[in-house]
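Chemist: Per my numbering, the sequence shown starts with residue 4, numbered consecutively.
None of these hints come from the bench; they were simulated from the model. Careful: at least some of the hints might be erroneous.
Quick list of simulated restraints, FRET-style, between CB atoms [what the hints assert, rightly or not]:
1. I69 - D175: 18 to 28 Å
2. V171 - Q192: 35 to 45 Å
3. S25 - T109: 40 to 50 Å
4. R12 - L37: 39 to 49 Å
5. L105 - K133: 20 to 30 Å
6. I69 - N23: 37 to 47 Å
7. K188 - F73: 22 to 32 Å
Lysine-lysine pairs mimicking DSS-like chemistry, simulated, CA-CA at most 27 Å apart [said to hold, decoys possible]:
8. K99 - K53
9. K57 - K81
10. K67 - K120
11. K85 - K99
12. K13 - K120
13. K72 - K133
14. K57 - K27
15. K53 - K85
16. K57 - K38
17. K81 - K38
18. K84 - K99
19. K85 - K8
20. K120 - K16
21. K133 - K157
22. K32 - K72
23. K67 - K57
24. K27 - K81
Each residue gets a CB set at the ideal place from its N, CA and C atoms; glycine is no exception.
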Amino acid sequence: MILSKQDYRKYVKSDEEAFNISTKGLRFKVVFYLKCYFYSERYILLSYLKVLRKLEYLYNVRNKNIYDKFLYIYYFRKIRKKSINLQINIPINTLKEGALILHIGTIVINDGARIGKNCILQPGVIIGQKDLKENVPVIGDNVYFGPGAMVIGKVNIGNNVIIAPNTVVIKDVANNCVVSGVPAKVIKQDGLKVSYN
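Make a model of the complete structure from these sequences and hints.
Modeler: In structure tokens:
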């Protein structure tokens, strides 16, 4: 969660490293905005995350002055417009730093879900609740979500997990696993195949 200016800078830097894009210095900033303008997918997705991080910072810090309130409204409207254009719905304070979105496409995350550091999201990912607001996923660090992957309900997913394409996860997943299928089954754990005989 971004609670200070240092946290904000750390999150933005981690996201830039995940995308392998630097915006430090005037030259890199000009290149960044030109590539966003001329539709470079990676740059547009990083731009989305930067606006999301700024909104998180403004929401969590909540200075009482009128300037910050106007900034919050500006970034809120900006993220809504980008969300509609990119078909990505990621609420504030759900993703930790180092997030990587690989392609433009439908991504929906519930506002109660919590996702750890260095997650990788493909198009078609849905992370949502089952019934009640409390029934939302908690996801660890270094998790890869394949295209069309779904995580639904009160599910705990460990660290270093790969969720294969079109997998539906409705039960807990331990650390260092590869899961696949509908409903999801562990096919590898700690690098070893798992057999269901």
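Chemist: All hints are to be evaluated individually against the structure, with a verdict given for each.
Modeler: Hint by hint, here is what the structure shows:
1. Against the hinted window of 18 to 28 Å, the Cβ-Cβ separation of I69 and D175 comes to about 46 Å, which falls outside the hint.
2. Distance hint for V171 and Q192: a CB-CB separation of about 19 Å, inconsistent with the stated range 35 to 45 Å.
3. Taken as a hint, the range 40 to 50 Å is violated for the pair S25 and T109, whose Cβ atoms sit roughly 29 Å apart.
4. Checked against the hint of 39 to 49 Å, the pair R12 and L37 fails, with Cβ atoms roughly 23 Å apart.
5. In this structure the hint that L105 and K133 lie 20 to 30 Å apart at CB holds, the actual value being about 27 Å.
6. In this structure the hint that I69 and N23 lie 37 to 47 Å apart at CB holds, the actual value being about 38 Å.
7. Between K188 and F73 the beta carbon distance is about 50 Å. The supplied range of 22 to 32 Å is therefore violated.
8. Pair hint K99 plus K53 holds up; C-alpha atoms about 13 Å apart against a cutoff of 27 Å.
9. Taking the CA atoms of K57 and K81, the gap is near 11 Å; set against the 27 Å cutoff, the hint holds.
10. A C-alpha spacing of about 30 Å is found between K67 and K120, which places the hinted pair above 27 Å, so the restraint is violated.
11. Restraint check for K85 and K99: satisfied, since their Cα atoms lie roughly 20 Å apart, inside the 27 Å limit.
12. Restraint check for K13 and K120: satisfied, since their Cα atoms lie roughly 12 Å apart, inside the 27 Å limit.
13. A distance of roughly 34 Å separates the Cα atoms of K72 and K133; the hinted pair therefore is violated under the 27 Å criterion.
14. Distance restraint check for K57 and K27: the Cα-Cα separation of roughly 16 Å lies within the 27 Å cut-off, and the hinted pair is therefore satisfied.
15. Among the hinted pairs, K53 with K85 is consistent with the structure: their alpha-carbon atoms are about 11 Å apart, no more than 27 Å.
16. Between K57 and K38 the alpha-carbon distance is near 20 Å, which keeps this suggested pair within the 27 Å criterion.
17. Distance hint between K81 and K38 is fulfilled; the C-alpha atoms sit about 18 Å from each other, no more than 27 Å.
18. Between the alpha carbons of K84 and K99 the distance comes to roughly 22 Å, so the proposed pair stays at or under 27 Å and holds.
19. For the proposed pair K85 and K8, the alpha carbon gap of about 24 Å is at most 27 Å, so the pair holds.
20. A distance of roughly 13 Å separates the Cα atoms of K120 and K16; the hinted pair therefore holds under the 27 Å criterion.
21. Under the criterion of a C-alpha separation no larger than 27 Å, the hint pairing K133 with K157 is consistent with the structure, at around 7 Å.
22. In summary, the hint linking K32 to K72 is supported, as the alpha carbons are separated by about 26 Å, within the 27 Å threshold.
23. Annotation: proposed proximity of K67 to K57 holds, straight-line Cα distance about 17 Å (limit 27 Å).
24. The straight-line distance between the Cα atoms of K27 and K81 is roughly 22 Å, inside the 27 Å bound, and the hint therefore holds.
Violated hints for the displayed structure, listed by number in ascending order: 1, 2, 3, 4, 7, 10 and 13.
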